Every structure is written in structure tokens, then in C-alpha cells.
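The two chains are supplied separately, each in an independent frame; assemble them into the complex guided by the hints.
Listed below are the residues making up each chain.
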Amino acid sequence: MSHSDIYTQIDRCAYTNRFAKTSPTTKIFFALSALIISVSSTSLIAPIIIFASTTLLLLYFARVRVRLYLFLLAYPTFMVTLSCLFIALFFGTGQPIAEIALPWFNWTIFRSGVAMSIATFFRVEGAVSCLFFLVLTTSVTDLFITLRRAHVPKVLVEMSLLIYRYIFVLLEVTGKMNTAQKLRLGHSGVMRRIRSLGLLAGNLFIRTLEQGERTFTAMNARGYDGEIRVLEDMPPSSKTALAGIAVFDAALVVAVLFTMNIGVV
Amino acid sequence: MHIMEGFLPSPWWEIWFAITIPIVAYGIYRLTKITKSHPEAKPLLALMGAFIFVLSALKLPSVTGSCSHPTGAGLAAVVVGPGITSVLSLIVLVFQALLLAHGGLTTLGANTFSMGIVGPFAAYAIWIAAKKARLPTSVGVFLAATLGDLLTYVTTSAQLAVAFPSNGGIMGSFLNFGGIFAVTQIPLAIGEGILAVILFDFLAKYKGKLLDSLKVIKLPTVGATGRQEEGQ
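Here the protein sequences line up with chains D and H, keeping their order. My numbering numbers the first residue of the first sequence as 1 and each following residue consecutively. My numbering numbers the first residue of the second sequence as 1001 and each following residue consecutively.
Just chain H, same shape as in the assembly (with noise of 0.2 Å):
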């Protein structure tokens, strides 16, 4: 869910780009730090970011509005970092702005905030930890792209809930906003679980041919034999 254009009053826009700052500021330096010692790496990783934005305007059925940013987003994060993926999203919000008008230039740190930084990160570290605690490859990976989408819906509603109070407070605005989204976004972060777990199973069966494809950012996620590295 992007927040709109204008959407968000005075001061919050400008706090969650401050907030968002430091964290896309870190990745670039990764990024800068790999495209120098690794130039191959650099049409990879737009390639990337082009790959979260398709996935993102391809809709899943039923549902309108919907968006499947949270899928590519997490695999991106499982793949080259979560720290990279949140510059990657933050492009990509920006052509999301820009050639779709969904979403907008102001609220473009809270956005990166939701759905680059929480959600990837989110999904990462439950990768990590299913990883850790022995799960099945097909259990861990609909854990993680099912709840880094839900994460990212709480962060939106706690986002829209300190801008806009109600009688209730924040907590009681906080509710209001998650209550309605919920009734959308829970069937929908399911179906994101689903279409991760057929899009990992898939590339798991051409995983010898990604691995040699991909001789600067390993693919860590398919099968157990794979390696956990961020980035590189």
C-alpha cells in the first residue's frame, strides 16, 4: 500500500525521510563499494531493481490496489542484501511516482520506510531464522514473504496513525487504519506467501544454472546446500 502524494501533512513527511535517510545512505555505500570491486555486479543489480518493479505491476487476482512489491523486495533482499534492496526500492518507488503515478515524492520516505527497508529487512531475518531453526525450505520462505507483507501493512497503518490522531489517540487511530487494511491485506500477504513459495520452488530446480549466472552475488536461498552471504 503507498501512501499518496500530499497525503501525509507537515512535519511527518519529512521525519520519515529522515529516518529513511541514514539507512539508504548506508546502502549506497554498499552498493558503491561492490560496483567498484565487482563491475559486473552493476547491470545485475539494476537488473534487479527492474525485476521489483514488473513484479510490483503485475497484479494478483481478486484483489484491487494490490501490489506485489513485498515478493520481489524480500527475494531481492534475500539475494543481494537488505541493505542494497533499500536503495533498489527506493528507485523503484520513484519510477512507481514517476511512470505510475502510485505513490509520490513526499511520501517517498515513509514509503521506502514500509516496503523498502521494514519488509525486506523483516523477510530477511525471518529467512535467516527459519534457516537456523532447521525448517523446511517451502515453510521458511512462505514465513517470510507472508509476514514481511504484513509487517509492512502495520508500519503504513502506524505511519498514517501518528499523522492522523483520533478520539482514541494514536493506538485507537493506529487500529482504525489496521482494521480496515487488514481486511484486504491478510488475504492478500497469503497469496504473496503462496506465489514466493512456487517462484522459489521453481528457480530451485534451475539452480545450478542461476549458480553459474551469478558469479558475484551468490544465491543463497534454494536448497540447504546454499550459502548465506549478504551481498558480498
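Isolated chain D, as found in the complex (with noise of 0.2 Å):
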């Protein structure tokens, strides 16, 4: 699986996974309340528990495939790796837990440093965890949609949704000029290549244009008059998954608030 067409993956997945029928707006409640939670945690258990979870309801219960969850928690886990490394060993302030004497500084390693960084990891992997489940769940268009009845900005759902759509297009187009530039040699050296990425930027630009134009034509012989309306068939939320939902928060909220004054180190 190449990085480039990660966003097929994913999208193809959110469409085909075995919650896709499910109500979006439980779906989204679930995620959002579990990442905030996640994120305010001062404790590392909520983090642990929150990651847990929201794995097994993705690989067992949604059936997504443990190779693209795996491929997708790569390379979060690897830059906050390398970030909590950095926070661990130059970060931090107070109580000192080694000292090393180089030659040209002395190099100390805080508790607090440590302390933070460890927190720091655990918040990233659950917090993740549960972009994760909403990614692969739930449908751009679903979550548009649910955000479109939450009374966020008209123009803003518009214009995402719309550009939801050129994404994949201009993709497309970019994949075959790129592949061209490619075969041309256009990509031996650094600076051919930057020269090719302007190239290829220039235009996609003029592409982008002409596009809109085209599309402007197209929404008008179709009777545009300023409003997009997509059609809006929702399943409805069950009472019981959103009640569960609510117990499952609260139950971290109250180990939260239990396991507060637990140092991590």
C-alpha cells in the first residue's frame, strides 16, 4: 500500500465497513466525546481504555482491515515516538532524575520531562484512535450532512462537500501528469524535479480553473439558483447505542477523576 492512495483506502473503507449504515450522528457522538475525553485526560487510564476500545470496535465489530489499521497507526506512532524522545530527554523543569556531564554542558533529565512526555504519548495514541474510528466509519458525505443539520455554516458544508469531490478529481489528473512527468525523465535530479512540481502545479492551477468554469455551466443547465441540496437519508439514531454511549463516558469521567492525583512517573 503506497502512501498515494491512502485516501482510496480510506474512503473506500468508511463506505464498505460494517457500521456504514449505522446512524452517523452516533458514530460521530461516540468519536468526538471519546476524544475529548482522551485529550482533557490527566490520567493515563481513559487514553488506554479509549485505544482499546475503539480498536476492537474497529476490527472486530466494524470488520476494517488490520492491515490498514495497522498502516494507518504507523506513522503516528512513530512521529510521537520521536517526539516524546526529544520531550523525555531535553524538556521539563524541577526535580532532576539524571545528570550526564558532557563535555560542553551538563545535560539533565527532568522528572517532569519524562512525566510529560509519557503522557504526551498516550494522549496521541487514544486521541488517534478515535480520528481513526471516525475516518474509517463514517462517510464524508455523512458527516457533512450531520454537520449541515447541527447548523454549522451553509456555505462552509457547501463548499466542503464540493471540494470533497474535486479532491478525487484533481488526484486523478495530478496522478497523470505526474506518471508523464515521470516516463519524460522529469524527475532525475532535485531541481528537475522542483521544476517539474512547478510545472505540474501551473497547470493543475489553469485545470482548476477551467474546471469551475465548466462545472458553473453544468449546476446552471441543471437549475442552480445558489444552493447545493443533496439528498439526506439518514438511519436514525438508536436510543440505546447513544444511552450506552453516555455510560461508557461517564465511566471514564468518574476512573478520570479516581486516578487524577496518580503520578505517572
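Hints are computed from structural coordinates only; laboratory data are not their basis. It should be emphasised that the depicted structure is a prediction, and the values quoted were computed from it without experimental measurement. What you were told as hints is all true, and nothing was included just to trick you.
List time: in silico PhoX-like cross-link candidates among lysine-lysine, alpha-carbon distance up to 25 Å:
#1 D:Lys182 to H:Lys1205
#2 D:Lys154 to H:Lys1036
#3 H:Lys1205 to H:Lys1131
#4 D:Lys176 to H:Lys1205
#5 D:Lys154 to H:Lys1033
Right under this line is the structure:
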């Protein structure tokens, strides 16, 4: 799986997983509430429980492909590990736990820095799993229709839906132009690559404008009056599911409050 | 550089949302006004957003994890004005989180501030200043893209520094993050600058055609005769 077709992979998964027909409101409520609890939590317990439960829901119940999930997790995990090592080694104040006298400076590792880095690691993993839950189970269209119902400004939702559509159109065009450049040795050497990228971007920009013109004509021909209407065929949210999520959230908040004063290190 | 999901602890992600929302709200206000008076602008602006996304998905060579978001957003800022660009950037960042797992929802406020507000506003201001100073177009474009890019990373470093203090206080921590970013970002910013110059050069050749297709939004960028108008 290359990085370039990850969009299509995620998008396809959002339409084909077993939660695809569940009410988007329920899924959004679960993902966002867990996300906020995970990020606001001062102890490690909430992010760990959240990570475990979203992973279980995704892999076992929604039947998301394990490979796709692991592929998605790999990048943030790699980045957060690097960042957290950096924080642990160079950040923090107060009580030192190790002092290393190097020839040019005294390197001190602080207890608070290590604590901060461990907390950050688990917070990110918990939050990222919530984001993946939302992304892998809910299609973008469902998401934005739900946002429109939640009275997010109309123009913002319409813009997003149009942008979503055009991302895939432009990606296809870009892929073709990129292949053409590669075939003609346009990527041999750094300077040539930058030049090729510049030409590609320029061409893409002009294509973009032309497409904009054509789309407007097409929309006009179909009776466009300044508003874009989408069929809202949404399954209703189940009260039991919502109540279950609320209980889960409440339990997490209680767990966070009880473990708040337990130090990380 | 996107700050990843969950990386900023409370209260910092909330604070960046609070700072970003009024500016984006102004952008939404302008967007509503323009699409009301010029319905034909709507698909065009949406395509600008998709253009920013696609450009950011194309990697510049040699630096891993790099992202041409600043160039796309800078160009959009010059063409449609920085206010609307902040809204487009916000939407693009949502899609980068949803379709690429790049960045995140809680860090959306902070990322929009650095990449959708500081970068484009700086690029726009530098572009205008360079025009006033009668610098050659290519110099102005290079400065706008490069400095806009660097300012984005300075902002990101500052956002991380206030959230993660070190022994040397916020300043020490800012230098820590900035130092790490500088290694990768200074060559990248210069690459972005060159990219932008080539892009604008190319667009200048097609200026007549462009102005024809841009009935709503004037492209003030290319050549000395281009007019300066923010959005419209």
C-alpha cells in the first residue's frame, strides 16, 4: 500500500465497513466524546481504555482490515515516539533524575519531562484511535450532512462537499501528469524535480479554473440557484446506543477523576 | 508541519480554537457575501480548496514528511484574499485529517492558525509590500513563499513551546523546537520559494487565458499590470 492511494483506501473503508449503515450521529457522538475525554484526561487510564475499545470496535465489530488500521497507526506512532523521546530528554523543570556531564554542557533529564512525554504518548495514541474510528466508519458525505443538521454555516458545508468531490478529480489528473513527467525523465535530479513540480502545479491550477467554469455551466443547466441540495437519507440514531455511549463516557470521566493524583513516573 | 491529533494538552488546543474561530468566521462572512452576489464563484472557490489539498499531497524531493501546503495557500491568498483562504485552509486541514490521517481534529485550531492564517496573511502582506517596493515579480514571489513558509514553522514552534515548557522556560523550549525544525524547514522553504517562482512564471505565460476564465476573481499576481483586489 503506497502513501498516495491511502485516500481511496480510507474512503472505500468508510463506505464498506459494517458500521457504514449505522446512524452517523451515534458514531460522531462516540468518536468526539471519547476524543475530548482522551485529550483532556490527566491520567493514563482514559486514553488506554479508549484506545483498546476503539480498536476492538474497529477490528472486531466493524471488520476494518487489520492491515489498513496498522498502516494508519504506524505513521502517528512513529512520529509521536520521536517527539516524546525528544521531550523526555530535553524538556521539563524541577526535580532532575539524571545528570550527565558532557564536555560542552551539563545535560539534565527531569522527572517532569519524562512524565510529560509518557502522558503525551498515551494521549496521542488514544486521540488518534478516536480519529481513526470516525474516519474508517463514517463517510465524508454522512459527516457533512450531519454537520449541516447541526447548523454549521451552510456555505461551509457546501464548500466542503464540493472540495471533497474535486479532491478526487484533481488527484486523478495529477497522477496522470506525474506519470507523464516521470516517463520523460522529469524527476531526475532535485532541481529538475522542483521544476517539474512547478509546471505540474501551474497546469493543475489552470485546469482547476477551467473545471470551475465548466462545473458552473453544468450546474446552471441543472437549475442551480445558489444552493446545493443533497438527498439526506440517514438512518435514525438508536436511543440505546446513545445511552450506552453516555454511560461509557461517564465511567471514563469517573475513572479519570479517581486516578487524577496518581503520578505517571 | 502538522501538529498531530492529541499532541497539544488542554487547555492549549482550546485556546488555539478560540483564537482561530473569529478569523475564520470573518472568512465565512466574506465567503457568504461573495457566493451570494456571484454564484459562479462557488465551484471556483471549491476548486481552489481542492487545489491546495492536492498540491500539499505532492511531495517536494529529499525531505520526508514535507508538505507544499504553504505554496498552495499562499497562491490562494493572493488570488482570493487571505480571509477566504483561511476558510479554505480549515476545510483542507479537516480533509487531511479525515482522508490522510495527517493532523487532527483537536489540533485543528492550532494548525489552521499556523498554516491557514499566519502563512497566507504573511505571504499576502509580503507580496503587496514587494509590489509597492517595485521589486521584480520573481523576487516578490520568492520572498512571499519562502518567508510565509518560515513564519508558519516559527508559529508552530511557538505553539509547541508554550504547551511544552522546558528548563529554559518558554523561550528555551521555543529554541529547542525551532532548532529541530530549522534543520528540515529552511531548505524546504527555499524549495517552496523556487517552486512558487516556477509556478508563477508558468501562470504569467497564460495570463490572458487566465484573466478570461477569471471573470469573478481577478488574478492580481502576474506581471506589473495585474490589478490588486482582495476577493471582490
